[in-house]
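Participant: Sequence:
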Amino acid sequence: GRGRLLHPAPLQFRRFQEVTLSHLQSIARNYNISYNIDRQFQVLAEQAEAANAAQAVLGAELARLAAAGRRLHRRVKRLEGAVGALTPQHHLLTRPEAGAEPHSLWDTVRTQQEPRGSVPPSTASTQPLKVRQRPQEEGHRLLVETGTTGVPMEDTEPLGDAQAVTVALSATATGPQEQLGTGRCWPQRGETCGVGSVLLFPSASSSSAAILRPGLPAGLWALSLCTWVLTPAPSLGTVLSYVSKDGDSKVAVHGRDKDPGSMRFVIGDTAFRELPVTPLLDGKWHHLCLSWSSHRGQYRFYVDRRLLAAGSGFQQGYEIPTGGSLVLGQLQGHVRAGFSPTGAFVGRLAGLALWSRALLPGEVASMATGRGLPRRPLVTLANASLQGEVQRVACTCLEHCP
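In full-length UniProt numbering, the protein residues as written are 1 to 402.
Quick caveat, the hints were computed from the structure, so don't treat them as lab data.
Every value quoted in this text rests on a predicted model; they were computed, and no experiment measured them.
No residue lacks a Cβ here, since even glycine has one placed at the ideal position from N, Cα and C.
Restraint-style ranges between C-beta atoms, simulated for each label pair:
1) A45 <-> R74: 40 to 46 Å
2) R74 <-> R213: 44 to 50 Å
3) R78 <-> D304: 21 to 27 Å
4) G247 <-> R213: 14 to 20 Å
5) R74 <-> P276: 35 to 41 Å
6) H73 <-> P279: 29 to 35 Å
7) S366 <-> V43: 53 to 59 Å
8) A48 <-> R70: 29 to 35 Å
9) I37 <-> L62: 32 to 38 Å
10) L360 <-> I37: 54 to 60 Å
11) P377 <-> G323: 17 to 23 Å
12) R357 <-> P276: 22 to 28 Å
Given the sequences, and given the hints that come with them, work out the whole structure.
Facilitator: What follows is the structure, encoded as structure tokens:
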């Protein structure tokens with residue numbers, strides 16, 4: 001029979017379908033790649049925007065800190081100027097009185113000047129001290145600084161001699177410097193002044209104590225105790241104790257002979273914290289400060305404005321009752337019982353005060369640097385009634401107390 005021929009049109013159509021499908025698949029793959037790239041670019045743009053915002057915030061914070069630093073620097077400069085103005089820099093130079101021995105004074109001047117080579121040894125003992133006037137139109141004056149003002153004096157020649165006498169007078173002074181015309185003592189660097197009276201506990205005696213009256217006017221949910229303390233004893237002894245009407249010890253700050261390097265800070269009947277006091281046992285003046293708050297039971301212990309111990313959960317929610325006996329220098333056993341020499345304080349207390357709140361670190365630092373007490377203390381040493389051998393001593397500066 002006659003063979004049948006297949007028409008080429010169906011074959012071409014099938015081939016066209018395959019090519020079209022392959023092309024569409026390629027387009028889909030390219031679209032997915034492009035979409036993914038666009039998404040990545042979008043994520044990167046968002047991250048860059050967030051980084052720019054963070055950089056702007058950081059720049060603003062750095063600018064604020066820089067401005068605060070500049071303000072602090074200016075304030076420090078002002079304080080340095082004020083401190084410098086409070087210390088007299090020069091002494092008034094006068095002609096020696098009749099009968100005086102300028103030779104010994106000049107020897108002192110020579111001794112001060114020889115290390116620097118200002119006064120030759122061959123002429124230092126024979127050259128008299130002369131003060132000669134210069135014409136006033138030159139406008140030169142020697143100022144004797146008294147606080148923030150000066151008293152004009154005529155210039156002296158030679159200037160090196162005048163400076164030498166000033167140094168010699170400063171070096172040979174045996175007592176505190178006095179402001180001209182007032183008789184007030186000027187504190188020297190490193191001295192602590194203006195803390196009020198000092199209580200002296202000369203020995204461990206059962207009859208020596210200081211009673212703070214009227215005591216606590218109300219119950220306390222917080223307290224702070226701060227004082228300057230000096231003790232020559234090997235242990236701290238009792239700084240303060242408070243006993244309620246029922247005879248229970250509610251507050252106490254006392255050292256122990258069994259463990260001289262620590263003291264107990266007692267709140268309530270039996271709860272206490274052991275605190276390190278070795279820095280206080282060198283026979284020198286130190287500033288001690290304790291604070292406690294019932295809210296979270298937080299307590300802090302400072303020595304010379306440095307935080308030595310802190311914690312929380314100490315008698316949280318406790319109230320210190322009113323109506324008890326508040327005593328310095330003795331550990332009380334009962335409000336009507338006598339004292340015992342065991343645990344008695346030996347040494348000196350100054351600037352002691354008690355507050356009904358937890359003081360801030362800045363307030364503690366202000367006291368430790370001699371800038372006065374924070375406001376509204378409950379009791380101070382002015383409320384102390386002395387018993388036994390305890391003495392009240394008036395001292396301008398702690399370092400000059402007898």
